[in-house]
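Here the protein sequences come in this chain order: A and B. Under our numbering, read the first sequence as residues 378 to 1044, first letter to last. Under our numbering, read the second sequence as residues 310 to 613, first letter to last.
What the hints contain is simulated information worked out from the structure, not anything from laboratory work. Worth double-checking, as some hints may not be accurate.
Chain A is nowhere near these chain B residues, computed Cβ spacing over 10 Å in every case [unchecked claim]:
| id | residue |
| --- | --- |
| 1 | Val388 |
| 2 | Glu467 |
| 3 | Thr478 |
| 4 | Glu518 |
| 5 | Ala571 |
| 6 | Gln579 |
Sample of chain A residues facing chain B (criterion: CB under 10 Å; computed from the structure) [said to hold, decoys possible]:
| id | residue |
| --- | --- |
| 7 | Gly979 |
| 8 | Trp983 |
| 9 | Pro986 |
What follows is a list of derived Cβ distance ranges for each label pair [what the hints assert, rightly or not]:
| id | chain 1 | residue 1 | chain 2 | residue 2 | range |
| --- | --- | --- | --- | --- | --- |
| 10 | A | Cys941 | B | Glu518 | 30 to 36 Å |
| 11 | B | Arg603 | A | Arg971 | 41 to 47 Å |
| 12 | B | Asp526 | A | Leu996 | 50 to 56 Å |
| 13 | B | Ala608 | A | Leu996 | 33 to 39 Å |
| 14 | B | Ala517 | A | Thr1009 | 37 to 43 Å |
| 15 | A | His418 | B | Asp526 | 37 to 43 Å |
| 16 | B | Leu500 | A | Arg992 | 32 to 38 Å |
| 17 | A | Ala1020 | B | Ala608 | 31 to 37 Å |
| 18 | B | Ala517 | A | Ala958 | 30 to 36 Å |
| 19 | A | Arg971 | B | Gly368 | 40 to 46 Å |
| 20 | B | Ser498 | A | Arg1033 | 21 to 27 Å |
All C-beta atoms in this analysis are idealised placements derived from N, C-alpha and C, irrespective of residue type, glycine included.
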Amino acid sequence: MMFRRKRSPPAPAMPAAPLTNTRIGWLMAVAACALLPHADHLPAWLNAVALLLFTWRLAQWKLGWAGASTVVKALVVIACCAGVTLTFGRLFGREPGVALLTLLLVLKLHELKSVRDGHTVVLLGYFMLLAAFLYSQTPAMAAVLFGSMVVITAALIALTGPPAPVRALLRQSAWMLAQALPFMLVLFVLFPRVPGPLWGLPLDAFGARSGLSDSMSPGDISQLSLSGEIAFRARFDGAAPPARELYWRGPVLTSFDGRTWRQGEAARRLNDGTPHAVDGPRIGYEVTLEPHGKNWLFALETVAGLPLGARVSDDWQVLGSEVVRARRRDRFESVPTARPGREEWSAYLEAARRLPPDGNPRARALARQLHLDAGSDAETVDAALRLFRREAFVYTLTPPLLGEDGIDQFLFDSRRGFCEHYAGAFVFLMRAAGLPARVVTGYQGGERNEVDGFVVVRQSDAHAWAEVWLDGEGWRRVDPTAAILPSRVERGLADLPAGEPVPFVARADLGWLRDLRHRWEAANNAWNQWVLSYDQQKQRELLARLGMAQPDWRTMTAWMASLCAVIAIALTLWALRRQIAADALARAWAGIDRALRPAGLGREAWEGPFDYADRIAALRPDLAAELRTACTLYADARYGRAAHAPAVRALRTHARALRRHRTPPRT
Amino acid sequence: MPTLAPRAVVEAASTLILGKRSRLELALTCLIAGGHLLIEDVPGTGKTTLAHVMAQLFGLDFRRVQFTSDLLPADILGVSVFERDSGVFRFHPGPVFTQVLLADEVNRATPRTQSALLEAMEEHQVSVEGETRRLPEPFFVIATQNPASQIGTYPLPESQLDRFMMRITMGYPDPAAERALLTGRDRRSLLADLAPVADAVTLTQWRAEAESLHVADALIDYVQALIAHTRSSGAWRLGLSPRAGLALLAAARAHARVFDRAHVLPEDVQAVLPAVALHRLPALEQGSPDDAARALLQAVALPA
């Protein structure tokens, strides 16, 4: 066999293997790699403690400082447990769990006595990487974690194998992980999916999410800080409608206490299942919603077609059957031209006219005056809108704080505010004039990503507008903000003057940056669509496209096992390719021997090819030429530079010829 | 003579040294590989003639030193003599300053004299009275020993034997060759008539060609297997040293060049193995060297 090992085989792991200084260095690298991805979400004091303990260990390793004594370590453990309990209010759950693990990992570095301790550190490191996915599942995080994985695996090799240079270990580790990739892919694509998450995630895993709220009190906000985070993405079957027509309906606020708008009774009253009849041309689209911790789904007004399990509340908000804890994708159909609620419950209309008994007297007077002047309900709406347009109202994200009688203050004194102020004030005026009206919150507009065609809606697109019920027409959408600042509904926040706290991503200038961002978000979206939201549904679609219609879990398991086996065999063959090629030549050469051995003309094991040819030529001159050619072929391939494959083929031919002629011709 | 094949030298030599073709091939191999040759045999088997013929065919300088127990290092290396006329010491080079040196009965000299020669062989230079002098190139030593009469000799220790790339025996000629020898012309006069067929430049060129011959992994495997066998089989007190392995491969390369091959074959290794290896392998039990060589070769299968 000509299998020559390039590397000496790794020594078997010995239980008593010493924990050399190099290995300790590797373990510190493990801790660093495992803890860095968590640094941004852990409390600052904990980061500081971890950094301190790590630096101390580093100094001990590099500069020969004294190690921490048992008493110190015990005190640190107790203090930190107390700190974690104080910070999070408990010791269990995701946040405190990760915090404790972080501390224990750093403390373990001070407790390294044997290779066994090293294994503990490595395992903890792997677990911390896994835990990092609970916080972030972006492609960037995945790349970072893969890099950390290479380092930790290299440390594992260093822990058990013979000493080797850092680069060699990293290369070996990366190579091992690369070999695991095809298996990972097969398992990812084919592993039978169960609907919903595979295992229960801790409830606080979806804690604070920015998004819409179920109440609004504009007077209490002095600076609206908007986030550029993506709320959802939509893909339309055809061309996307213009941005000014995209009103994504969220919570509807009907109850007002003089300061705060809240959802009313109707929000919890689900439509009894009879679909709201909506007529008109429908547009279809798919919404990929980021998790936001509520059961609201966002669809264009007026929604006509719903995904399975979704319902519409009595005030036309789309609600899912459960809280959106993971990114989900749903199909909707909407009729933008339709007006809902032509026939509305009188009790509901009554609630939509209700105002607190007193407060905001100036606004009430203005409303009465408008209604008197107008003559009809529709006229009243127009008059109010004209008022907003005519007076010196300013759209700003930094409005002044409003005190008692906030609506009066806003309408007559400050006249500065954002959509919530305008929608709230407008609805107040309508109610004061005796018209049923309500505040609708949601998202308005969205930005089309030219790279992948998705319309991206961000938290900064959150909006509030009004609806007024007109007899014989139903609920009419009125957007007073559009009357003040038409560009708000056409181009988003991009046109606000400099100095307004507009998120960076929503600014209109910096075209190259926007292009870069589009690309990055398209990549993120592809990752979301194909990796993170690869669920049962998506799996079925993909397998159907691959020609596996309706596969059950048995078929998929069988496929999975066979594909893994194929990959394993392919990798093995690839690793042994030189040996196999050499073996083919050896087999072909042995074929010559097998052909002649029955006639007593076999080759001695130690005999060189030409010596063999010469010996047989003396015994059997009739075979001499044939055998000599074969021996030359073999020697040229084995000891010279001739290619193996043609030699193998020719040798097989010669072996057949020799077998035919091995019996001596009768004389 | 760029197209001259080494085999032509063997052909020319075998007109004079009858029936000893394989010995001539080995001697030429040793010369091409840049090693030195130890011939062990009883007197009168043509050892001197072989040395003479090799020198003659390449047109090289030839000297002969008969080693005796009273031979001193200076007798080989040379000595500085005070010249009265000029009033200075002048170095008179010894017989070692030649291209082919025949050291006859090398085991008759004292170890001191032997080591003077062996160091010159190893270093290709001579240091006399603090001055280092290069020996001419090529420098090829053929030493002879008489194994039959060991009385009053100083057998070369193993470490010194290692300096010789090959050790061969001449052996008696076969009957046909012996008859031709008896009926033919006198060897001395034939030798005088022998014309050179090659020169030192050709020899250097062959040496370079031999060193650049392709050696396959499979052949290295085979050489390693042979060496490993000598170390582990228990038939020898000591196995082959790494230097012996290098010598074996160099000799196999030169042998392949002698046979005009494009690459080194196991046959080349096998052909040179007895000559290269046996004098470096202290045998545990007495036995014929040929038997030992055959046993070694047949014990190691060719790696497939």
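Sort out which numbered hints this structure fails and list those numbers smallest first. 5, 6, 7, 10, 11, 12, 13, 14, 15, 19, 20
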